[in-house]
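J.: Sequence:
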Amino acid sequence: MAAPQYSRYPSLDTTRVYGSPQHVPEPWSTNRPAEITGRQPIGERLGYQGPNQGYVLTLASYLRPKVVVTKNEHVEDALRGCTFIALRRASLFSRAPVVHDLTLALTIWGFMDSAAPADLIATRAELFSGLDNTLHHYAQGRALADSIPESTLRLSVQQAVAQMPESWRLLTGA
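Residue 4 in numbering that gives the first Met the number 0 sits at position 5 of the sequence shown, with consecutive numbering throughout.
Hint data in this document are derived by calculation from the structure and do not stem from the laboratory. Be a bit skeptical, because a hint or two may be false.
What the hints assert, rightly or not - Restricting the straight-line Cα-Cα distance to at most 16 Å, the calculated cross-link-like pairs of lysine to aspartate or glutamate (EDC-like) are:
hint: 1; residue 1: 65; residue 2: 112
hint: 2; residue 1: 65; residue 2: 75
hint: 3; residue 1: 70; residue 2: 112
hint: 4; residue 1: 70; residue 2: 125
Go ahead and model the full structure; you've got the sequences and the hints to work with.
T.: Pasting the structure below:
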């Protein structure tokens, strides 16, 4: 911008223009050693990948007061096992986990209802025992998530609630 003649500051004699750097770096390419080419691998203990999966832990803290367990069960085990199922459901829809994923998992295992059948409680007590210790029971949690039929994971929470508790074996694959 030109400076008026009465300005205290002199105008710049030289015009500043853009100058490119002397060195131009090579373009980025996907040639890292661990780069996955093609589709995500599927197999035992690989889980179900999806974006922002850590958010399910925040959702679990919100739903913790609503979880109903018996005296032989632990809320942490129930939430951890249902977290595996919720992450599988979220990745099925290629999105981050939402509260409905975890609510569906808790519903089909009867953790949201105090009137769960005795055979459901006995089955879930065996399957969910110790799941809070992921270091030692990761394979057990993965097997639990894999046992749920895909047709169940595609249900809405309202549809699952309507089928509970009569069809819990069909919903859980047990």
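J.: If a hint holds in the structure, say so; if it doesn't, say that too.
T.: Hints and how they fare:
Restraint check for residue 65 and residue 112: the C-alpha separation of about 9 Å stays at or below 16 Å, so the hint holds. For the suggested pair residue 65 and residue 75, the alpha carbons sit about 12 Å apart, so the restraint of at most 16 Å is met. For the given pair, residue 70 sits about 15 Å from residue 112 by alpha-carbon distance, which is consistent with the 16 Å threshold. For a cut-off of 16 Å, the pair hint linking residue 70 to residue 125 stands: about 14 Å separates their Cα positions.
Going down the numbered hints, you'll see the structure goes against none, and every one checks out.
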